[in-house]
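*Asks:* Protein chains in written order, with my numbering: chain A, 1 to 453; chain B, 1 to 453; chain C, 1 to 453; chain D, 1 to 453.
Don't read these hints as lab results, they were simulated from the structure. Some hints could be false.
Footprint (simulated), chain A over chain C, 3 or more residues, beta carbon under 8 Å [stated by the list, open to error]: (1) 256-270; (2) 384-394; (3) 418-429.
Okay, derived cross-link-like pairs now, DSBU-like style, lysine-lysine, Cα gap no bigger than 30 Å in a straight line [to be verified]: (4) D:K375 - C:K5; (5) C:K31 - D:K216; (6) A:K5 - B:K232; (7) D:K334 - C:K216; (8) A:K276 - C:K279; (9) A:K375 - B:K142; (10) D:K216 - C:K34; (11) B:K216 - A:K8; (12) B:K228 - A:K4; (13) C:K228 - D:K5.
Restraint ranges, calculated between C-beta atoms of paired labels, are given here [to be verified]: (14) D:K65 - C:M185: 46 to 52 Å; (15) B:E35 - A:E72: 41 to 47 Å; (16) D:K272 - B:N447: 29 to 35 Å; (17) A:G254 - C:K251: 36 to 42 Å; (18) B:K216 - A:K276: 53 to 59 Å; (19) D:V195 - C:E6: 17 to 23 Å; (20) A:K309 - B:K251: 56 to 62 Å.
Small disclaimer: the values here were computed from a predicted structure and weren't measured. Glycine included, each C-beta is placed from N, C-alpha and C at the ideal position.
There are 4 protein chains.
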Amino acid sequence: MSQKKEKKGLKIVTIGGGSSYTPELIEGFIKRIKELPVTEIWLVDIEEGREKLEIVGNLAKRMVKKAGIDCEVHLTLDRRKAIKDADFVTTQFRVGQLAARIKDERIPFENGLLGQETNGAGGMFKAFRTIPVILDIVSDIKELAPNAWLINFTNPAGIVTQAVLNYTDFDKIVGLCNIPVHTQMDCASLYEKDVTEFRFQFAGLNHFVWYRVWDKNGNELTADLWEKRQDKKNLGVKNIVSINYDYDQIKDLGMLPCDYHRYYYLQDEMLKEGLKSFKEKGTRGEIVKKVEEELFELYKDENLAEKPKQLEQRGGAYYSDAACELISAIYNDKGIIMAVNTRNKGAVSDLPYDAAVEISSYITADGPIPITFGKFPNAGQRGYIQLMKAMEELVVKAAVTGNYYTALQAFATNPLVPGTTVGRKVLNELLDAHEKYLPQFRDYYENREKYRK
Amino acid sequence: MSQKKEKKGLKIVTIGGGSSYTPELIEGFIKRIKELPVTEIWLVDIEEGREKLEIVGNLAKRMVKKAGIDCEVHLTLDRRKAIKDADFVTTQFRVGQLAARIKDERIPFENGLLGQETNGAGGMFKAFRTIPVILDIVSDIKELAPNAWLINFTNPAGIVTQAVLNYTDFDKIVGLCNIPVHTQMDCASLYEKDVTEFRFQFAGLNHFVWYRVWDKNGNELTADLWEKRQDKKNLGVKNIVSINYDYDQIKDLGMLPCDYHRYYYLQDEMLKEGLKSFKEKGTRGEIVKKVEEELFELYKDENLAEKPKQLEQRGGAYYSDAACELISAIYNDKGIIMAVNTRNKGAVSDLPYDAAVEISSYITADGPIPITFGKFPNAGQRGYIQLMKAMEELVVKAAVTGNYYTALQAFATNPLVPGTTVGRKVLNELLDAHEKYLPQFRDYYENREKYRK
Amino acid sequence: MSQKKEKKGLKIVTIGGGSSYTPELIEGFIKRIKELPVTEIWLVDIEEGREKLEIVGNLAKRMVKKAGIDCEVHLTLDRRKAIKDADFVTTQFRVGQLAARIKDERIPFENGLLGQETNGAGGMFKAFRTIPVILDIVSDIKELAPNAWLINFTNPAGIVTQAVLNYTDFDKIVGLCNIPVHTQMDCASLYEKDVTEFRFQFAGLNHFVWYRVWDKNGNELTADLWEKRQDKKNLGVKNIVSINYDYDQIKDLGMLPCDYHRYYYLQDEMLKEGLKSFKEKGTRGEIVKKVEEELFELYKDENLAEKPKQLEQRGGAYYSDAACELISAIYNDKGIIMAVNTRNKGAVSDLPYDAAVEISSYITADGPIPITFGKFPNAGQRGYIQLMKAMEELVVKAAVTGNYYTALQAFATNPLVPGTTVGRKVLNELLDAHEKYLPQFRDYYENREKYRK
Amino acid sequence: MSQKKEKKGLKIVTIGGGSSYTPELIEGFIKRIKELPVTEIWLVDIEEGREKLEIVGNLAKRMVKKAGIDCEVHLTLDRRKAIKDADFVTTQFRVGQLAARIKDERIPFENGLLGQETNGAGGMFKAFRTIPVILDIVSDIKELAPNAWLINFTNPAGIVTQAVLNYTDFDKIVGLCNIPVHTQMDCASLYEKDVTEFRFQFAGLNHFVWYRVWDKNGNELTADLWEKRQDKKNLGVKNIVSINYDYDQIKDLGMLPCDYHRYYYLQDEMLKEGLKSFKEKGTRGEIVKKVEEELFELYKDENLAEKPKQLEQRGGAYYSDAACELISAIYNDKGIIMAVNTRNKGAVSDLPYDAAVEISSYITADGPIPITFGKFPNAGQRGYIQLMKAMEELVVKAAVTGNYYTALQAFATNPLVPGTTVGRKVLNELLDAHEKYLPQFRDYYENREKYRK
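Taking the hints into account, I'd like the entire structure generated from these sequences.
*Replies:* Here it is in structure tokens:
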């Protein structure tokens, strides 16, 4: 039994602290300092990220200093020291850095498949690399800071959350994504009203979530919003090509999709567009790499002591602010609704009880409680999401066990992999490319000929 | 498709407006007038209740006048006229008045069974009498005020809600009970803190609900509260004898029971105590009748223009205030948590999807959304509540169809009826006693010899 | 309540009696005449099939005569007269004849999609045409022969069964496919043993069914059989290209797939192969047309009085014999196990209670009872089959309601349709091509411009 | 992975071999010797049963010798030696012998509760004593005879099966009861037909099972059989008082109950009758003790070489023959239907997936497969059986863990225990009475004062 929790100055630990997003996180804490008494921020990174950690860490220190708040920023490569007695641990690391992402995107594209960071073959490999590290972190937290909450926004955030929920006895994880925040902001801007004038209900999986929306008088606006969204190219996250959904098909679903559903409902067009872009401009990872280098140049400026505007152009805007809001909601037992990744427990009837789902949840000091969603209104949603969850389970199992055949099965089940022949080829090429970061697949590396037949 | 809902002055209709509880309701509206602009209150009753309606209705008028608010109180026997264009309809009627309750209690006791208003044989008959009337009211609302919400606190509130959810296509019903409010107040008083310092999670059925409690730092207090509640005889609703539960058995359950669980977990003691009290003092209905007569004497006083203190001594205290709070929460899309009776939709995994459950719900302008509870922590709760829900379904089906055999099956399934021999005898005697109010059981009345073998 | 069933001479009705398969059916009855006293066989067809009905019907008469059994063969275009007092009705008709099938295959192929009779776009349209006719037949049976069993082997047999189970109150339908029979025969031939030396357990959907196998000592042979099946090109039904599955992926599944899973697990290869064959040889329907014409030439031979060997070369071999066996099993309360399409009722935990499933069932005089399968051993199977069932539900709903948007949703959900852009184009072209046979889609035909945006 | 199973001479082990039922078992093997080549029968007992083992064992030897079959009968107190390489292990032992049963019956009766061998307080204690021993036996089987099947007919057979299914990874257990056999025989005798002329479907829990029945033409006879059973006092097992059920209530259920449902549906009458009989004649256990002593006197007769007629007067008639039939059905992969206790796996929708259920099952060489039952037709059945299963889970958990509070919860949940006050008293008295056989409740015995408050 862990000791009784009490209110006090908070120690926050950010793993992957050298990320370019860190300034948004720092800004988020600064602006909430009255309701959320953060006294220590520990930015943790690994040796390969030391330089970036120092650049962004020093910016963080300048930001805190300028804000005049009573908070110390620590930079460290010693994860265990950082975690010790933490109140909240956030994770925003990328195993293998952008170089690994570029491979995740390039190899599928070279084989005629979609190459994308969190979907299809690349998304599954991001999970394979990330999950063992998250499980290590959870192990540290259980030992060194058993009362801490783990706020994960390392992608694929839903699959990572599922891994922790299904392969550890640690329940205090919340997975967070910026898609629901984006969606709400888009809605508010289309109606030219404040976001608080709406009530949203999200239900689904991370990057595969649907939603409905109501006004404050209880009138449902979902169909009206769908009408309003047509031909508004500037909506949605920046990293997804904004091809229009089939208006009627979505309307028939009775709920609106997130940006990522395009990869499935517009599969051939998104693939064609992706292949074209890949040939012309290379991978998204390569583009992001340049943006990041520019950001770090900015961050080096010793006169800079606030989050630069340019950061908002990154695909992940709002992520860090949402994390700060979630931390505050837990700390203050706020009872607000946020869409997070958490254990289903029956909230979405069409998915397993212990599945991680992305769902509008009531945030308490004891964590998020999903508000009950029930059954999907349309068999189309139900079938597709059940397939996606099955695929996620296989990905998690392969990531944890390193079983090659389970990984192959995950590929066979992923709707963006059109068959096992090309699927197995891509699987093998990605395994070969990421050997350094996939120690659990040792048997594959030691017996390649056995697996490559 | 109903018209778009907008904010405006509200018309409230109270069916069973001649109830002695009405002053609490009026007080509830008066004190919320700034957030809840009630401009019309229609108190409706039937011919048999005309006198009480006038007495309490005139008190209501005096209360409103004294408060100086812009609201008209109407008294009427014309239910349809009252319902026309209503915003909220509340129901607090008692079919057959207290005379019927007294029979519900007396006849079981005379046969050696528990005689109680909402549990056992009596509770089932209260449902048989009430459900046809509620279904009529729903039919009127659908025709005359399709945007209105029906707030039912006529007992058995859960079973009545189930009838509407399962036998009509009307979804805008919320069943309300004062037990959760009482429970929260008791907790606050034991800790000598404000009730807002706690977070409660209720899950179960009306009069068969369990709960857990946390402080604002996320520490669970359930076991501690159980310790604190020991030997505090003044807790709980006034109408239930306060015999102590087995401390260890409840602790093992992992959630705390409501007052009514005593009839089940302490079955023989409660029966013995009930029979003793019946012999010495007659039925609870007879006692209440006297209390009510005294209240109405008070209400007649033309100088009285507020809710008299004595009303709080009735078992149903807090009911009406909870109703006003619920109405305000819906009207204002408050997003607060209240324990209400609503459709399960998977919130309580151990109960059917379409069952009415009593559960902590997030209250929106579109009605309550249960917060997800999941599975009960203990097989003991699960098994018992599944039996209770099955019994409730049989009661609803018998009430709607008037099928004698279904009623007999409900008796055979009710844990407070120890077998079909005595059960059938009591069933027949109650049917005979309530003939006037049970038109749906026509076949029984026309063919008694067939059913009485 | 229907009258009591008793043993007597049986009246069998075959709708689509002009089919080239009829001789196998007749042979099946002849060889079982001692256990199954068929005294009347009514072959029913429509005006367009009159010539074929007469040719094959006369062959049937010669076969029966040669066998010397006491059974009359009737040929008729009057379906209701035939159904009157029938004991078993079998259905093997094809709405729109082979010309419609050819369109189902050609149009998808012309748009770069798989063109196949029972899968993908073509399979969905076969359902759209067939379901309204089946519902009419069920309506006739309920009126004219309420004790009769409907044995459906019109494809897509599973979806057609689902339509009857979900949109009528008629329960006495069994859907039948030759795939499980084929599978069992293939196994027996690989082991060079009699088929009775094995016990099979099938579970899934029609044309999407998996199986395991045991010997009579209870040793599971599934993995061993998988090993044995490798590189045996002559296995499986004749109408599916026999590309090898990924050996390891299937082994990991823990159950063996049917031939049709290739369209999903080997999606790109099967599509490539299909397109190649289409370009070189035209559609499968066109090939079958020639085979049929040759068969009917044979059937015309007045000296022919038995099923010609050539019939076994058709893809549907064993179908009719399986139907006779099923009829005998019901009539004789045999208690044998057959894989049929019937209501799930929980037998396959991962599919809805009321879904039609293809499952090993215990055959009684009261129909098939699925033997309990439980959960699929692998998430890969679970997810895929849940998607397929959702798609089937949408197909049935679109077929019954004629709702264009539901049809579009079915296309969006079908894994063989790679997105809504091409999907909607193919949907429209197929609707246009089949106008004569799709009266339920009236609104589309009257308002094409509305739907074609 | 266990070795491959093959047909060969069989070694049968019977634990509790000194039971008076053993001659029926031996007879069962003798009459099936052609289909079931039993070559070794090992009768195992403990020191306390040595004398009975020798008496009945010698009778068994004489029976085998007289039959002239090639089979050796071994008598031993060495359980592990017996189990080594066994093919089938049957269990019919009684922990604490009849003396323990007498306490299970006497103590509840003395406290005004039903005292019965397998129901209520006594039944729960029989489970507490038996389960640890069964788990030991399973452990031995896994080590010494991993291919063996365990056929358990030690009561409470369903709860014991549940313990093995939920607390070990051993799946090869089948629980067997004579109630379904009895029921089928009663039906056949009422219709004066052979039992093979009927098809039965049983579903429920051991000693809480319902059934339906059909003739060979598929006509359901359930209601007709219920009519026929009225006032036939000589039906049912011998050990249950044959008070008539309420005819109408059972008819409304849509399925017929077993004899044991009387304890629940006729609770007060059965209790009254039980208390009367207890006062007049003592416990059932005491009566059985005398019957057994008489049987053993018979068995001693060296001229006796067959099962004596008098054995059929014992309540457990048909048990052993059913066991032989089950063993033969498994050995021969018979594919017959028998009602056994096995894992639910969704067969009964209203019960948990992993629950032990008593259900008509298809018997294969790989064990029983439940035939799918679906949902109970009546909420009355559903609710009651869900309560019973919850109670069984608590009993199993208490038996395995020795947790006093779990045992108390089981008592609180058992419908035959009317409340925790008397329940706890009886629990304590039974714990005290059975100390010798309940080592798992060590903490209670060492800290009685703590538990007795």
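*Asks:* Can you list which hints this structure breaks, lowest number first?
*Replies:* none
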